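Peer 1: Chain by chain, the residues run as shown.
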Amino acid sequence: MNVVAEIESASTDQPEGLKVRLPLGLLGFEQTKEYSLIADPAIEPFLWLQAADDPNLAFLVLSPFEVVPDYQPDLSREDLEFLGLEGPDESQVLSIVTMRRSGGATVNLKGPVVLNRRTRSGKQVIPSNAASFSVQHPLPVVA
Amino acid sequence: MLILSRKLNESIVIDGRIIVKIVRVDGDVVKIGIAAPADVPVHRQEVYEEIQRNNLEALAPGRVVVSALPKLVRRAPAAPRPETAPAIAPETAPETKPSKS
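As you go down the protein sequences, you meet chains S and W in turn. Quick note on numbering: numbering that gives the first Met the number 0 labels position 109 of the first sequence as 108, and the sequence is numbered without any gaps. Quick note on numbering: numbering that gives the first Met the number 0 labels position 7 of the second sequence as 6, and the sequence is numbered without any gaps.
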C-alpha cells in the first residue's frame, strides 16, 4: 500500500489523520514535534503535514517520487540510525511543497522529510548528496 | 564569538558531549569532524538556512491554499492514477519507491 492509501485508510478511522512525530521538528520549527499527516482525496497525491496542536502550522507535502521518479537521496548513517530504519521498505519520503505567489509551486528535494513507517517517527534530513537537489524544484504543471 | 586556535588533530569539547576535531587542513579548506549526540542536528550553515527559509515560505496557514490546489493537482502529471481515487486504495496499489539508503 502506498502512503497516500495508507494514510487515507487510517484517516477513515481517524479524521485527524495519521500521527507522526518529528523529534527534532522541521528546520526553523524545531519546537513543533507532533504532526498529523492528513489525506484528502480532493488534493491527492498531496497530503497535509499539520502540527497536532496548531492547525495554522501546516505544510503541503508530496512524495518526491511523484515528481522525480528516480530521486535517490543518500541518507547518512547517523540519520538512518536516528530514524531506526532497518530496511528501505520502512521509509517514507515526503517533500514539502511551496505554493508560489506567481501561481506555480515548487517542491523541496534538498531537505526531504523521511519517516519510519513502522515507528511513525521522522526527521527532515539533508542528504549527503543534497548538492545535486534543488530546494525549489519546480512542480511540473501541464500548460 | 569565542575564537580558539587549534592544530591538526586537536579538538574542542562543547558542553561535555560534542567534540569538534580538525581532521585536515588543505589550503583554504578545513575538514572538521564532529561527534555529537543524535539529538544534536549538525548542518552546513548555508544549507540549513536555505531549507529553513524554504520551510517558512512553504508554511500554509490554516491550509488556506486548499482552494488553489485542485487546479494544480489536476494538472500535475503525477504517476498514473485512477481518475477518481478510491478512499482506500486496493492492496495492489504500487509501492512507493523507497529511498536508497
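Hint data in this document are derived by calculation from the structure and do not stem from the laboratory. Since the structure is predicted, the reported quantities are computational estimates derived from the model, not experimental observations. Where a beta carbon is used, it is the ideal one built from N, C-alpha and C, also for glycine. Just so you know, not all the hints are guaranteed correct.
[As the list claims (entries may be wrong)] Simulated restraints, written as ranges between beta carbons of each label pair:
id, chain 1, residue 1, chain 2, residue 2, range
1, W, I13, S, R100, 38 to 44 Å
2, W, V41, S, G83, 14 to 20 Å
3, S, D53, W, D38, 18 to 24 Å
4, W, D27, S, A51, 42 to 48 Å
5, W, I2, S, A51, 39 to 45 Å
6, W, V46, S, P40, 32 to 38 Å
7, S, R76, W, K6, 25 to 31 Å
8, S, T118, W, I17, 44 to 50 Å
9, S, R117, W, L1, 40 to 46 Å
10, W, Q44, S, G102, 30 to 36 Å
11, S, K18, W, I31, 19 to 25 Å
12, S, D73, W, Q44, 33 to 39 Å
13, W, E48, S, V67, 44 to 50 Å
14, W, I21, S, K18, 29 to 35 Å
Peer 1: Against each hint, give a clear statement of whether it holds in the structure.
Peer 2: Okay, the hints, checked on the actual structure:
1. Distance hint check: the CB atoms of I13(W) and R100(S) are about 41 Å apart, consistent with the given range 38 to 44 Å.
2. The given range of 14 to 20 Å is respected by V41(W) and G83(S), whose C-beta atoms sit roughly 19 Å from each other.
3. Evaluation of the 18 to 24 Å hint for D53(S) and D38(W) yields a pass: the beta carbon distance comes to about 22 Å.
4. Checked against the given bound of 42 to 48 Å, the beta carbons of D27(W) and A51(S), roughly 46 Å apart, stay inside it.
5. Remark: the range hint 39 to 45 Å for I2(W) to A51(S) is upheld by a beta-carbon distance near 42 Å.
6. A C-beta distance of roughly 35 Å is found between V46(W) and P40(S), which places it inside the suggested range of 32 to 38 Å.
7. The hinted range of 25 to 31 Å is satisfied by R76(S) and K6(W), whose Cβ atoms lie roughly 28 Å apart.
8. Distance hint check for T118(S) and I17(W): the Cβ-Cβ separation is about 26 Å, which falls outside the suggested range of 44 to 50 Å.
9. Between R117(S) and L1(W) the Cβ separation comes to about 42 Å, which falls inside the hinted range of 40 to 46 Å.
10. Between Q44(W) and G102(S) the beta carbons are some 32 Å apart, a value that agrees with the proposed interval 30 to 36 Å.
11. At roughly 37 Å, the beta carbons of K18(S) and I31(W) sit outside the given window of 19 to 25 Å.
12. Between D73(S) and Q44(W) the C-beta distance comes to about 21 Å, which lies outside the given range of 33 to 39 Å.
13. For E48(W) and V67(S), the Cβ-Cβ distance of about 24 Å falls outside the hinted range of 44 to 50 Å, so the restraint is violated.
14. Here the CB-CB span from I21(W) to K18(S) is close to 43 Å, at odds with the stated 29 to 35 Å.
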